[in-house]
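Given chain D's structure and the hints, the job is docking chain E onto it.
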Amino acid sequence: MIRRTALIEVGVLALLAWLVLYPVGIVAAQAADPAALVAFVGRPAEWRALWASVWISVASVGLAAAIGVPLAFLFEWLEFPGRRVLGVLVALPVVLPPLVGVLAFLFLYGESGFVARGLEAVLGLKRAPWQLRGPLAILLVHAYSMYAYFYMLVRAGLARLDVSLLEAAQALGVGWWGTLRRVTLPLLRPALVGAALLTFLTALGSFSAPYVFGGGFRVMPTQIVASKLNGDLSLAMVETMALTLVAVAGLVILGRAERDTTLVTPGKGTGPRRRALHSRGARIAAAVAGWLGGLVLLLPHLTLVLVSLVPYATWTTEAVPPVLSLANYARLVREPDRLWPLLNSAWMATAATAGAMALAVVAGWLVVRQRVRTRRLVEGLVLLPWALPGTVFAVALATAFAVSRPLALRWVLVGTVAILPLAYLVRALPLTGRAVLAGYRQLDPALEDAAASLGAERWATLWRVTVPLLEPALAAGATLAFVTALGDFVTSIVLYTYDTRPISIEILSSLRLNEIGIAAAFGVVVMLASGLVLALGTRR
Amino acid sequence: MAYLDLENLRKHFGATRAADGISIAIGRGEVLALLGPSGSGKTTLLRLLAGFETPDAGRIVVDGDDVTRVAPARRRFGMVFQHYALFPHLDVRGNVAFGLPRGPAVGDQVAKVLARVDLAGFEHRRVHELSGGQQQRVALARALAPEPRVLLLDEPLSNLDPALRERTRHELRHLIARVGITTVFVTHEQEEAFDLGQRVAVLHEGRLEQVGTPDELYEHPRTLFVATFVGRANVLRDRAAQAFGGQGVIVIRPERLAFADAGVAGVVRERRYTGAAAFFIVDTDGAGSVEVQAEPRAAAVGDRVYLQATTLLAFPETPALASVVS
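So the protein sequences, as listed, match chains D and E.
For the first sequence, counting from 1, position 17 maps to 17 in my numbering; every step adds exactly one.
For the second sequence, counting from 1, position 314 maps to 1314 in my numbering; every step adds exactly one.
Next up, chain D with everything else stripped away, as it sits in the complex (with noise of 0.2 Å):
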């Protein structure tokens, strides 16, 4: 028995090792060539990217949490109608791709979008009152996509906050702005930086906002992708293992903070009890806030489907559709070209999420029940991928897997079906892993224990026990790791091959063609897919 989990744990090491650590080694091997290295420092554009990608991300960490803070205490303090519904449809932007908030974004606010057509009708203009580029565009987007992480998390802490702690600080003579800043934030201080963690990172890979709205304004990743395509490959690895190491700067500046947080209350404490407004003033004020700030936040979405109903051509200056019809759904299902990237998508982010949450089991089961001495080693290369951009693994992976060496361990595999599954499997692998860990170390192994010792044998265990508490664990990493693949863009614009095309890339190209009503269709479709999995992974 001993033998065969050292054989397993041998294998999962060598096979976490050779998708996530060779990959980004053998990048950082050949960025270590001189000549690009110099190209690289002597570049003021590179420098530009580099700083543009630090600030940006520093920016949208400010935006996310300025929207997001507030939303939650709104939330999770308050009492007003339609408090609940509301409230979870605030969360959606999590899920959502950042092509298709980016899309949605675009149809809204970019310079033919509802919004500035309206102005224009309104106010007689010629031309489209603003345009929707640049930084501000791409913070915009950042902003109105990433506040959820902080709302989220923040409501998560404070629905956990003790209230008898902010009763103390009363008791003890401190006004309500004193209990804010001297206990409040504090305490939350565990949320706040875990938000700002996520946020950063997820700013700092954000490929879609910068490439669709960035024009000239370069950020690392889109630099990467262009140096790439322009065949520029040992600069391509400079600049991803810069990239690198800001994330893993950003993670160990933002980790250190989050290590020293242990804010256990001692007592358990009594459950918060959300504050009914008294006065019906407060009240309406929380209602409208809640209703508006919800409106606001979920209208990109709702403008999506809007624009999905307009057919091809039948909308040029009106301020408003003139047609809207299911057309192009219609054109989804019936032409062949569109209809592929709907099932490969759909095939490829199966396969990533089977594969991501097998690897995730096998190794949960090594780190949590075998406590196996390399557990550390295996986690952290199960959650490695979390903290690299996306671009980095694409551009690792590519290089990686574009010739063929099979005594390094490296295959043709680019140009193959296989290399974008597997490029979603090692991007679904920290989510599926996260879940998967959390799970096992809430599951008592008493309970196995048990089931072993009324006579059920190590399957019928694992069936009978281990599997169904596990449930919520599995489907919870499951959906989040085939959102995320189904939604890729920025692996799959690296890595893509006409006959593989994802979702993603045909969005693009319907944008091109300008056929923005199908590209909208596309965004819905996403969109709806991802609640979908999403409502019936984390239903109970």
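Treat the hints with care, as some may be off.
[Claimed, not checked] Which chain D residues face chain E? A few, computed with CB under 7 Å, are given here:
1) 164
2) 167
3) 170
4) 172
5) 173
6) 174
7) 175
8) 186
9) 190
10) 194
[To be verified] Derived coverage of chain E by chain D (criterion: at least 3 residues anywhere in the stretch with Cβ under 8 Å from a Cβ of chain D; other residues may be distant):
11) 1076-1083
12) 1196-1205
These are calculated hints, taken from the structure and not from any lab test.
Just so it is clear, CB atoms sit at the ideal spot from N, CA and C, and this is done for glycine as well.
Below, chain E without anything else, positioned relative to chain D:
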């Protein structure tokens, strides 16, 4: 004149009457226990005093100052929470100094109040490094540091293990006496209420059943509820009551029943030995089962015995005023 006056306090949560017209006058330096089963409204009453809830009607007056609608932060009442509510992100000093105005004197003040609760030198300990008893004393020190007018304690001993409870209770009583602060505390345990409280207010379904010294409550309960909730009690009605020489509803404490040569006849069904004494369950002929507290060897299971009552507490059919029949 009362120092802390609760006047006709009323608080409803939907259909639940958590406080239904409660009036208690508490003297300066007095220690009052709020005793009742869960759901009796004792915690609500404490929260009304602290200001975390606002009464629907009634007034709270302290030292001639109406604080009914004063925010908790400006009420100057100290509170010790059931689970202490120590701030986990601050050390002991940070917790104790929390309610003190910042200034150069804070360090001395913290040291003084920590010494008072026997925790001198604990300033820089983290909260989660402390034992349950130490946490309780830090919570007490924190509440006392700003020199509040009234000290409120929510189930002060419930979070401690039984071995520690009696010693802590003893220390707590001495500390309160030394500080001389007017104190109101909530408990659901009679022993705690009797030991710490100079007077005890018994609450039941949001109503005040009786306020009095422990002796008064035990010897002269005004309602059937007080008689049964405070101390052990045999409740006997009608024919059973008549058998012991009472009428209507009567209550007999187990220790006020004795084995005798004549009286109500019965058979010992069960004997529960507690060391100093034993409890006997006696199935009487026609008066139901009663519990008798007696010397451990007074009887054995299966014995045929006769019972005499020394004190009856009689209640009219509607449980209001009771008179004592000796």
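Hints versus structure:
no.	hint	result
1	164	holds, 4 Å
2	167	holds, 5 Å
3	170	holds, 4 Å
4	172	holds, 3 Å
5	173	holds, 5 Å
6	174	holds, 6 Å
7	175	holds, 5 Å
8	186	holds, 4 Å
9	190	violated, 10 Å
10	194	violated, 16 Å
11	1076-1083	holds (count 7)
12	1196-1205	violated (count 0)
In the structure shown, a violation is registered for the earlier hints numbered 9, 10, 12, in ascending order.
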